[in-house]
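Protein chains in written order, with full-length UniProt numbering: chain B, 1 to 316; chain W, 1 to 494.
Don't read these hints as lab results, they were simulated from the structure. Even for Gly, the Cβ is constructed at its ideal location relative to N, Cα and C. Check before you lean on any hint, since a few could be wrong.
What the hints assert, rightly or not - Which residues of chain B face chain W? A partial, calculated answer using Cβ under 7 Å:
1. F31
2. G35
3. N36
4. P46
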Amino acid sequence: MPVFKTPFNGYAVKFSPFYESRLAVATSQNFGILGNGRLHILNLNPSGPISEFGFFETSDGIYDLTWSEDNDNIVIAAIADGSVKIYDLSLPPTQNPIRSLHEHSREVHSADYNPVRRDSFLTSSWDDTVKLWTIDRPTSVRTFKEHTYCVYSAAWNPRHADVFASASGDCTLRIWDVREPASTMIIPAHEFEILSCDWNKYDESCIVSASVDKSIRVWDVRNFRIPVAVLNGHGYAVRKVKCSPHRQNMIVSCSYDMTVCMWDYMVEDSLVTRYDHHTEFAVGVDMSVLVEGLMASTGWDELVYVWQHGMDPRAP
Amino acid sequence: MASQSNIPSANLTTENPQLSETTPATGEDVLDAKASPTPSVFVNTEPMREDQVQNAVKFLSHPKVRGSPVIYRRSFLERKGLTKEEIDEAFRRVPDPPPTATSAQPANTNQVASTNALPQAPTKVLQPPAAAPGADAISTMGTLAQSRFHWYHALLAVGVLAVSGAGTALLFKNAIVPRLKSWIRKVVLEEDELAKKLNSKPSLAEETAAAAKAAAAAAADVAKASQEMVNSKNEEKMYFMEFTNMLDAQQREMRSLSNSIRKLEGQSNGLGRNSFVEQEDYRSAAYSSSKQPVTNGKADFDVGSVRSSPSPASAEQPLPPHSKSYMEIMAMVQRGERPPNIKPWETAPAQTMYGSDVKAQDNGVTYEMNGDNPAPWWQRKNVNITEIGQDETKTAPYSIPANDRPLQRTWVPPLPPPVAMPEAAAAIRQPKSTIQRDRLTDDQLLARASEGTDELQRITKISESGGALEMNDASSGQYSSEIQEEKENGYEEH
Chain B
1 MPVFKTPFNG YAVKFSPFYE SRLAVATSQN FGILGNGRLH ILNLNPSGPI
51 SEFGFFETSD GIYDLTWSED NDNIVIAAIA DGSVKIYDLS LPPTQNPIRS
101 LHEHSREVHS ADYNPVRRDS FLTSSWDDTV KLWTIDRPTS VRTFKEHTYC
151 VYSAAWNPRH ADVFASASGD CTLRIWDVRE PASTMIIPAH EFEILSCDWN
201 KYDESCIVSA SVDKSIRVWD VRNFRIPVAV LNGHGYAVRK VKCSPHRQNM
251 IVSCSYDMTV CMWDYMVEDS LVTRYDHHTE FAVGVDMSVL VEGLMASTGW
301 DELVYVWQHG MDPRAP
Chain W
1 MASQSNIPSA NLTTENPQLS ETTPATGEDV LDAKASPTPS VFVNTEPMRE
51 DQVQNAVKFL SHPKVRGSPV IYRRSFLERK GLTKEEIDEA FRRVPDPPPT
101 ATSAQPANTN QVASTNALPQ APTKVLQPPA AAPGADAIST MGTLAQSRFH
151 WYHALLAVGV LAVSGAGTAL LFKNAIVPRL KSWIRKVVLE EDELAKKLNS
201 KPSLAEETAA AAKAAAAAAA DVAKASQEMV NSKNEEKMYF MEFTNMLDAQ
251 QREMRSLSNS IRKLEGQSNG LGRNSFVEQE DYRSAAYSSS KQPVTNGKAD
301 FDVGSVRSSP SPASAEQPLP PHSKSYMEIM AMVQRGERPP NIKPWETAPA
351 QTMYGSDVKA QDNGVTYEMN GDNPAPWWQR KNVNITEIGQ DETKTAPYSI
401 PANDRPLQRT WVPPLPPPVA MPEAAAAIRQ PKSTIQRDRL TDDQLLARAS
451 EGTDELQRIT KISESGGALE MNDASSGQYS SEIQEEKENG YEEH
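Construct all of the structure, not just a fragment, from the sequences and the given hints.
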């Protein structure tokens, strides 16, 4: 299984929705505390090693990235200085980034592209807001300000074009509808900060949240008082959670206990596999939409692993 | 999309038919909304829970909660699981203080009457003030949660104690003191009788009295003489003490001089050495009087040693080029230092580069042409689920030199708390602050030097007057701690 070493500490990894062999990695210098950032575009080679298509350097750390669903060359990066930068891989480096949108007053922690409408994306920030943008506009379309603490994650619903969820440090998940003036649902999902959320790709009412309390909870928004499942097993805060695009019950998560775990929440003993290949906080994880079972992870140990589920990521 | 419309309609049958949202629920598609308004799944369709609303009202009526910002109150209620409608209803109910207070007060007055029976104070003056705080405490207790209970409980206890103390004082004054007085009067009367008896035998008594007086006079003389002797002894003692103090002071100076010699030998601080040499000559000349020059020398000398100390500290910080651990970086940033590996942004854009393949479209095509493997490695599904952690030899190509991190680590917060960042950013953007600090420390040094001279003058005066040695120790201890602080300040500058 190939490994790629980044010069800076990894923060996020995402597979391209267009090319099964392409992925992007967001990295930040000095663990994201202070320093530059770098966005790597990587290619998987059938012969083995990962090659780098290119990279973009930024003045501040990059905390998250998202691929456009409309244009195979557009990548959007969430920067620690509060800006959102849009990169076009078809243009030469001197013309990149094609846009730098600076509206958040604090670090932008996550970015997510709308898979249904394909023209808009969300960014969530530590300034307690979520902003909606479109690719063509230089300013945000809308700002959602209701959370009382950092919004760590915002995710579009894979079926409903206007519905998204946000996870915040104020311990609540909020469901929003872009057509509504305020949030439509408030789920007090955990007793501690919620670091990540993701929708189930097969059940539009099912949402998963991951928190500092080391647990992952699966919720049905129609009956949100009680979680559908509580997945315990991580030793430290769970940093990112992702629902599998191929199997309804499978969830992958990465945590500060340096492991990446695969879960099946419909089963009593939910933990399917635990991968402990990282030697530092595992901070980013993704599952490929185009190749079933292919996953990638990155962490503060400056490594990006890409492997097939069931295999050892560190195997040659 | 067909399945999508089924699910909301199923919801209608299973869910409570009451729809209490503030906003109208619409369908997902624009067309659907106009044709058949199926309610969105993503809207809360629960009815309002009255018990939750009442709990929220109680919470919001708490005086402490009244003082907090509205956002935090809302956030708290949201975290407790109240829906928006319930929270709005609670907020609507709370800002009407009179109706809720009057309903609570009749219940409270009963409680006030019952508890006033408990602290039975002897004096009536004290009772109303004790009752008033008690009434206040109880009235607020009626509207509060139980957590306030023990605080007012303590207040009541204090009130009871004060009342009882006053009562016993009064009792003492009224009852016991007269008894004492009468007893004393009795004793005095008895003494008078005795004196009268004595006066009946004059002659013998007079003689004995005269003899006694003479003896007393002699004794007084003796006492005076011995007193004088003691005084002279004290004086001698004082001189002796003074002498020993001077010797001690000189001994200390000699020791500090030798220390400074050693230090100066290790450094090439010519200034310090010059001043030291001058002062030594001076000191040897003015050795017996122990006055101003000595104190000056000592002060200058110590200042010199402080200024030289920062230099070795800065030399001991070789910065490794590669990864420091997270806590080290946090510590650096919080001290205001910038991690060394950050490139200034003017040169950075040149770093952005692409690989040999500039055109993105080609990449997708070239892979499939690989004849050896019809399917790339990542599409080959491996059925075996291997055990993780067995293969430890294959980490070599990208092994990380992160040896200094112990595995058993206390939980580190996921990201730096938002508060830390402004400090770091502010510190980086204000390099001027270090220069200001330099100026500050120079002033501080001067101030401390003058303080030092004053203290030494004080010390010598005390020794002359024969004061205790402890004063010296205390002041010198304080002075040495100040030197410590200066040394730390000096260290931080680098």
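Now for the hints, and whether the structure bears them out:
1. F31: Holds, about 5 Å.
2. G35: holds (4 Å)
3. N36: Holds - the Cβ of N36/B comes within 7 Å of chain W, reaching about 6 Å at its closest.
4. P46: holds (4 Å)
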